[in-house]
Amino acid sequence: MKRIYVNEKWCLACHLCEYYCAYANSGQKDMVKALQGVRINPRIQIEEDGGVSFAVSCRHCDEPLCLKGCITGALSLDDGVIKVDEKKCVGCYTCILSCPYGAIMPSASGSAVQKCELCLENSAGEPACVKGCPNRAIVYEERV
Amino acid sequence: MNHIIIGNSAAAIGCVEGIRSIERDSDITIISNENFHTYSRPLISYLLEGKTDEKRMLFRGENFYAENNVKTYIGRSALAIDHVAKTVTLDGGDKLSYDRLLVATGSSAFVPPIDGLSNVKHKFTFITLSDALALAKTVGAGSRALIIGGGLIGLKCAEGLHAMGCDITIADMAKNVLPSVLTPEAAALVEKRVLQNGVKLILSNTVTRFDSNAAYLSGGDRVEFDALVVAVGVRPNISLILDAGGATGRGIIINEKCETSLLDVYAAGDCTESVDISSGATKIMALLPNAYMQGECAGINMAGGEKTFDNAIPMNSMGVFGLHMMTAGVYEGDAFALNAKNGYKRLFYKDNLLKGYIMIGDVARAGIYTSLIRERTPLDTIDFDLVKDKPQLMAFSRMERQKKLGGTTA
Ligand SMILES: Cc1cc2nc3c(=O)[nH]c(=O)nc-3n(C[C@H](O)[C@H](O)[C@H](O)COP(=O)(O)OP(=O)(O)OC[C@H]3O[C@@H](n4cnc5c(N)ncnc54)[C@H](O)[C@@H]3O)c2cc1C
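Chains as they are written, first to last, in this note's numbering: chain B, 1 to 144; chain S, 1 to 410.
Keep in mind the hints are simulated off the structure, nothing from the lab.
Quick reminder that beta carbons are idealized off the backbone N, C-alpha and C, glycines included.
Hints may contain errors.
Between beta-carbon pairs, the in silico distance windows are [claimed, not checked]: (1) B:M31 x S:G61: 48 to 56 Å; (2) B:K131 x S:K137: 48 to 56 Å; (3) B:K131 x S:T408: 17 to 25 Å; (4) S:T381 x B:E121: 48 to 56 Å; (5) B:L12 x S:S204: 56 to 64 Å; (6) S:G280 x B:D78: 17 to 25 Å; (7) S:R235 x B:D78: 47 to 55 Å; (8) S:D264 x B:Q28: 56 to 64 Å; (9) S:A214 x B:Q28: 56 to 64 Å; (10) B:K131 x S:S77: 55 to 63 Å.
30 Å max Cα-Cα, derived DSS-like pairs, lysine-lysine [what the hints assert, rightly or not]: (11) B:K33 x S:K121; (12) B:K9 x S:K390; (13) S:K137 x B:K68; (14) B:K83 x S:K137; (15) B:K68 x S:K307; (16) B:K87 x S:K51; (17) S:K403 x B:K87; (18) S:K283 x B:K68; (19) B:K87 x S:K137; (20) S:K390 x B:K68; (21) B:K9 x S:K283; (22) B:K68 x S:K403.
Make the full structure from the sequences, and use the hints.
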């Protein structure tokens, strides 16, 4: 399974990954339209403090507490990728309570959650954060 | 292997998925006395609100049983277990044999004996889909509803009925709502939100008696209603194990593999009691994530795999009229406090461990706290001051972060 890995040494805290993520998931064709004047709500988020920074997004981990604890059945595992069905999700946030990485957040509407789905569901086709990272601080790799 | 599962909710589904992670084609039979495809019980209030419907609230897809090769007896009750002959007797007299059995019978509404209750015409509990459908049939805009119990179920019921346009009163003998998970100070925020939505609260009161459509409260109030909902608590369904001679306390007693005291009989979910590692106490943690994970653990062991579930904690996330709150663990030791506008946060820590927390309002990334409790992370190995402020991975060592995010295993 290819997954997203982070190398914090290379992170510039430029936040481009957040913008690429928001754009990829906006459903818009035009980046300016998607982002201009919008308070973005990306599925990948940078933490930074005292010169250290790194991006955090879903690990699609082997012990997905979000999925196991999901009270509605809106989260599911599809070919190694944890996905949310926003039609089933009611925004109870039990997954936010459960995720040890803090990688799930409310969607803009607040009535469902959102998370990284590796851009498999949107038009980017491959993780836009990885593609947009200028310093290879986020990579998408197969590792054993 | 021939597996039988009694129950068809979170713990039962966890068990099916646990078994199927090990064995592709063993026999699995589900027995359920509720006449529905597996559905999400907590969504019954959202159904009243119109935020879900009977199709979307299915806990697993319509093809779940077929895809997992599960035989079902839906709408049938298991009446008895013979753990020596290894059979389950159903209503109607059928006897089914098993190699391994899971009891995932959940809990039932507790209805206390109150003078005059039997004369109340429109009375309900609020646990099952049938309860919700019956309630929805009886009430509508302008109906007066009295809910006894200001806990999770009572409040969620109020939220559902509010969306239907009902005029709602909640009565509880506790002096604040959600008494089992919130401090009075935190509960005050929830009460404010509830009251702002026009729901009346009568706290520190018990019902002394009922007329057919009115309740008399210990403080002197008389509340008229068109529908009464009794939501004072639930009791684990332990009788199958008790009658078979298995060990029970308030719930069915299980070990960390989810085995009961009876050979080849497992139990999981709301019908069991287990150790809360945040307090060390044995409790009934009637919450869905625990039910699923216990069921999954049982299933893996039933199929011959190896799994323990030994880090259960009480934890809950809930929204009431748009106000989100999260609670976890036990409220012992020192407290770190943060009050924001319409927000509240307390972290409880003791013996170098995070023990519990309450967060209302801003609940972002709370799972990082939950994980500190569950993993019993020594607080001197992280930057606790940083994490107190807000949950963040920055508080971990670079090496720990490398494991979490960088994919190194060592
Ligand atoms: C309104 C409401 C809101 C809730 N909200 C939340 C929430 O936000 N978060 C959370 O974590 N939890 C919540 N819960 C609790 C959650 O629903 C339970 O923890 C969970 O459903 C437990 O699953 P279970 O499989 O152990 O048991 P149950 O869901 O109780 O299922 C047990 C099943 O077994 C059947 N059964 C029992 N005896 C027999 C028998 N002899 N023969 C055949 N079948 C039998 C029962 O009819 C039932 O269908 C809520 C509950 C309610 C009622």
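- Message: So, against the hints stated earlier in the document, which numbers end up violated here?
- Response: Going through the list in order, the structure violates hints 1, 4, 6, 7, 11, 13, 14, 17, 21 and respects the others.
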